[in-house]
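The residues making up each chain are set out below.
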Amino acid sequence: MNWRRIAIAAPYLWLLVFFLAPFAIVLKISLADPVFGQPPYTQSVSLDSFAFLFTDKIYVITYLRSVLMAASATFLCLLLGFPMAYGIARSRPATRSLLLMLIILPFWTSFLLRVYAWMGLLNNYGTINTFLLWAGVIDQPIPFMYTDFAVFVGLVYSYLPFMILPLYASLERMDLDLVEAAQDLGASRSRAFWDVTWPLARPGVVAGCLLVFIPAIGEYVIPYLLGGPESLLIGRVLFDEFFVNLDWPLASAVAIILLLLLVIPIVLLQRYQARDQEGVA
Amino acid sequence: MKNFISIKGVGKHFGNFVAVDNVDLAIEKGELFSILGGSGCGKTTLLRMLAGFEVPTSGSIEIDGIDVTSQPPYERPVNMMFQSYAVFPHMSVEKNIEYGLRREKTAKKEIAKRVDEMLELVQLDDFRSRKPDQLSGGQRQRVALARALIKRPKVLLLDEPLAALDKKLRERTQFELMNIQDELGITFVVVTHDQEEAMTLSSRIAVMNNGKFEQIGTPKEIYEFPHNRFVAEFIGTINTFKGRVSAVNDEKTKVYSTEAGVTLTALGKQLVEEGQQIEVAVRPEKIFVSKDKPEDNGDVCLEGIVDDFGYLGNRSLYRIRLKSGKIVQVSSQNRRRSVTRFLTWEDRVWISWHPNSAVVLLD
Numbered sequence: 128m129n130w131r132r133i134a135i136a137a138p139y140l141w142l143l144v145f146f147l148a149p150f151a152i153v154l155k156i157s158l159a160d161p162v163f164g165q166p167p168y169t170q171s172v173s174l175d176s177f178a179f180l181f182t183d184k185i186y187v188i189t190y191l192r193s194v195l196m197a198a199s200a201t202f203l204c205l206l207l208g209f210p211m212a213y214g215i216a217r218s219r220p221a222t223r224s225l226l227l228m229l230i231i232l233p234f235w236t237s238f239l240l241r242v243y244a245w246m247g248l249l250n251n252y253g254t255i256n257t258f259l260l261w262a263g264v265i266d267q268p269i270p271f272m273y274t275d276f277a278v279f280v281g282l283v284y285s286y287l288p289f290m291i292l293p294l295y296a297s298l299e300r301m302d303l304d305l306v307e308a309a310q311d312l313g314a315s316r317s318r319a320f321w322d323v324t325w326p327l328a329r330p331g332v333v334a335g336c337l338l339v340f341i342p343a344i345g346e347y348v349i350p351y352l353l354g355g356p357e358s359l360l361i362g363r364v365l366f367d368e369f370f371v372n373l374d375w376p377l378a379s380a381v382a383i384i385l386l387l388l389l390v391i392p393i394v395l396l397q398r399y400q401a402r403d404q405e406g407v408a
Numbered sequence: 021m022k023n024f025i026s027i028k029g030v031g032k033h034f035g036n037f038v039a040v041d042n043v044d045l046a047i048e049k050g051e052l053f054s055i056l057g058g059s060g061c062g063k064t065t066l067l068r069m070l071a072g073f074e075v076p077t078s079g080s081i082e083i084d085g086i087d088v089t090s091q092p093p094y095e096r097p098v099n100m101m102f103q104s105y106a107v108f109p110h111m112s113v114e115k116n117i118e119y120g121l122r123r124e125k126t127a128k129k130e131i132a133k134r135v136d137e138m139l140e141l142v143q144l145d146d147f148r149s150r151k152p153d154q155l156s157g158g159q160r161q162r163v164a165l166a167r168a169l170i171k172r173p174k175v176l177l178l179d180e181p182l183a184a185l186d187k188k189l190r191e192r193t194q195f196e197l198m199n200i201q202d203e204l205g206i207t208f209v210v211v212t213h214d215q216e217e218a219m220t221l222s223s224r225i226a227v228m229n230n231g232k233f234e235q236i237g238t239p240k241e242i243y244e245f246p247h248n249r250f251v252a253e254f255i256g257t258i259n260t261f262k263g264r265v266s267a268v269n270d271e272k273t274k275v276y277s278t279e280a281g282v283t284l285t286a287l288g289k290q291l292v293e294e295g296q297q298i299e300v301a302v303r304p305e306k307i308f309v310s311k312d313k314p315e316d317n318g319d320v321c322l323e324g325i326v327d328d329f330g331y332l333g334n335r336s337l338y339r340i341r342l343k344s345g346k347i348v349q350v351s352s353q354n355r356r357r358s359v360t361r362f363l364t365w366e367d368r369v370w371i372s373w374h375p376n377s378a379v380v381l382l383d
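These protein sequence lines map, in sequence, to chains A and S.
Residue numbering for the first sequence follows my numbering, starting at 128 and increasing by one per position.
Residue numbering for the second sequence follows my numbering, starting at 21 and increasing by one per position.
Same shape as in the complex, but just chain S:
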């Protein structure tokens, strides 16, 4: 299948500053693709190049087989929902939504029909003649969404779509966005700094850092098989153990780690050599805590002391101090209701995980 959006060797320099550094990216039709990264990583610049507000210093951008690299924003088959929503304050909801079609000189009847469709889609039927300052933040966002969707763009760009909403509204909007995307089949490209937002929304994520992609993959791939330390730490929390590769074959890698005090095993073929300094990483929720030493079943098993813990309702977090002084974070589901504490400070405990849960990080 041909790529719907194809970004080839795109770079953007502002003076000496390299905002986007020679990136390649292919997005398929109908995807909900997220570009995830911290502030200043170049994600917004990349989005603005897709929208046409910035011209790339190098490289080319194609949308649906057409080179749009030097097309101005008003000629691109792309619409954008701004982080600030950028709803026109001097126009009513209806006028805002129909703006794009009026610029296209669409027939009046057609405009009215499509405005009605959009108002229904975003559930703002009763607000059509209101001005933006008579709307709540969430409603303004829906106006911005309807306004961007009415031209039936090939690609909808969303800049931090949920950043300005409170937690409850975020969750609702998230699912609304996914439903709308599903219903209309428009390709969405979302820029966000919020890993949770990216994880729940996207079909695929590109993690961006210093103007480059660190990893591109499905949320699951990114979370479970991070390529490097940056990705592993940017998405969720992770425990890392420094170590030296002591044995490697196609099935597993053995790493001796002084921090862990034992030899750790990670399954799967890794591109490492014997003697190489690497890190083995395990997510907190993949580690089990027990008071008694578990039976030897091939799991990695370490002894430690409870340094601190926190009760979060649905789960508890533990910080376990190993003999080497290394602190390991463990997240454990509170499956049973209990009034008494399972563990408390300075308890001697065992932590264990399946070798399958460990990943090898290269840098």
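In isolation and in its complexed conformation, chain A is listed as follows:
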């Protein structure tokens, strides 16, 4: 076995050990029945857990809520991230590295701490409410905390850099002459944006959306810390089934359905993007 083969085999081996094998285990557990004991599932094979997921409305609703929450957070990230990435890509090189630095800077602090910081900002006696009360805009604190709104803010804040960076990468590569050429040929500024800038930024848009949507849909920490008891999201359900109800087969089934929910759109997107990229270097 030479080094070339080892180098090629390494990523496959990695995927096998850390993705495919755990997946097989989770799949196996999802097909079992829960029992009290060690391990807390039987060796039998049945589809009961999956069936249960579709009989109890709460799971279907939670899936939909999660998809909706992740999708709207992704959309807002795109809305906020695009102008920011565009601005960075068009700024002078010296300013550019500073701005990129500022985007990456939050990662130097632990994710958990940053979410905790939002609790300090959003709670009834937090910075935002205190300021609004002081300014006389409100006379009662607005209950931001433990709402879907707080979860939404947390998601957008946490995942915005993952949107900005791929967008920046694709916008920065773009030749500015192309936009001017479109204008020269009769396109207004907005027309030139939709005809040239947007299609050329699309690989970045797709990458950014995937990087935000995928972790956001299964997010556990943000809804747990900022969300209310009734704002149930799928990550929370997964955790509760595993560690509170100790129903491992059901939890595994939740995880598998979530995975399917993610894999199908990703495969479709990638196929679309591959076709889109044909002929574009």
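Mixed in with the good hints there might be a few duds.
[What the hints assert, rightly or not] A short, non-exhaustive set of chain A residues, derived as facing chain S with CB atoms under 8 angstroms:
{"hint": "1", "residue": "E307"}
{"hint": "2", "residue": "D311"}
{"hint": "3", "residue": "L312"}
{"hint": "4", "residue": "S315"}
{"hint": "5", "residue": "R318"}
[Claimed, not checked] Each pair of labels, with its calculated beta carbon distance range:
{"hint": "6", "chain 1": "S", "residue 1": "G157", "chain 2": "A", "residue 2": "W325", "range": "40 to 46 angstroms"}
{"hint": "7", "chain 1": "A", "residue 1": "A296", "chain 2": "S", "residue 2": "G157", "range": "22 to 28 angstroms"}
{"hint": "8", "chain 1": "S", "residue 1": "D87", "chain 2": "A", "residue 2": "F320", "range": "52 to 58 angstroms"}
{"hint": "9", "chain 1": "S", "residue 1": "K187", "chain 2": "A", "residue 2": "T236", "range": "54 to 60 angstroms"}
{"hint": "10", "chain 1": "S", "residue 1": "A184", "chain 2": "A", "residue 2": "L154", "range": "52 to 58 angstroms"}
Just so you know, the hints here were simulated from the structure itself, not pulled from any lab data.
It should be emphasised that the depicted structure is a prediction, and the values quoted were computed from it without experimental measurement.
Note that CB positions come from ideal geometry on N, CA and C, so glycine has one too.
Following the hints, complete the assembly by docking chain S onto the known chain A.
Chain S only, in chain A's frame:
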């Protein structure tokens, strides 16, 4: 005849930097006009003001009698071929070419007809559905040209049209551009830093330096009668002799030059005064080299020694050192085939030129 493009007192400042300094220029309809200059001379800024990408700080620009000074690029009857070609990478050749017409909401039939015309003009018929990255550099340029021409602009702007092509392709493209210009009768304004490109392409050239025009004229005027040292040296090579005007009248100017060691004569009326310090300039190809002293026929004649020479196939270059130490460059056609060298190092030679060949440079 009224000027087709008229640039009046146009200036462009970027902060404290003056890119274009209050220039006036008139271009006639159907001309192939070149703006020639080194990098940073303001030529690209001027072109961008014509295209509408920059708004002049002062002055006005008229195209075909209409003031376009503050018109945005998408409303001007002007199209541009970018130096980078700026061919849309996500569109096929056909889609690129029809882009301008689609923005105008031209009827589908008309678009198809004109795209076919353009594809034929630039000989890309077989490539219509290809994407730009499946084309060579020369083909991409032709896409850019067709895309800019399809709207039948009143003026086509070309930014360094040949800079990115290799030598053989350059020559071919040069003639293609001239043919297309001739065929369509569209006014071309070319920006270039390459004097050879400007000389062969243009009907007239404006030589630009530090945001101003040094001289505007036909290629011949610019080459044979440069107004000043900058123009003389920017276009081709030239020998200059510093000197003092010793006599001047309407027919000729006599200049005593210590560098040449003799009194030089330049024909024609010059705007100089006796005693003024000026330079007399002669192009290398207008100087003859001989081993024997030529007969006295009124030509300027100087003695020197061969300092160095180079054989270029069709011609040879000589560097002749005069008594004063001044080096004179001479270019001589190799009219006869010969194996032995005509001249070699340290040969004593005579160089001579007709007074008609000399020009007087003011600065």
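Each hint tested on the structure:
Against a cut-off of 8 angstroms between C-beta atoms, the interface hint on E307 (chain A) holds, since the closest Cβ of chain S lies about 6 angstroms away. At its closest, the beta carbon of D311 (chain A) sits 5 angstroms from a beta carbon of chain S; the interface hint therefore holds under the 8 angstroms criterion. Proximity of L312 (chain A) to chain S holds as hinted, the smallest CB-CB distance being about 4 angstroms (cut-off 8 angstroms). Interface restraint check for S315 (chain A): the shortest CB-CB distance to chain S comes to about 6 angstroms, inside 8 angstroms, so the restraint holds.
Because the beta carbon of R318 (chain A) sits about 7 angstroms from the nearest beta carbon in chain S, less than 8 angstroms, this interface hint is met. Range check, G157 (chain S) to W325 (chain A): about 27 angstroms between beta-carbon atoms, so the 40 to 46 angstroms window is missed. Take A296 (chain A) and G157 (chain S): their Cβ atoms lie about 26 angstroms apart, and the range 22 to 28 angstroms holds. At roughly 28 angstroms, the beta carbons of D87 (chain S) and F320 (chain A) sit outside the given window of 52 to 58 angstroms.
Roughly 58 angstroms separates the CB atoms of K187 (chain S) and T236 (chain A), a value that falls within the hinted 54 to 60 angstroms. Hint check: A184 (chain S) to L154 (chain A), Cβ distance near 57 angstroms, so the stated range 52 to 58 angstroms holds.
Hints 6, 8 from the earlier list are contradicted by this structure; the remaining hints agree with it.
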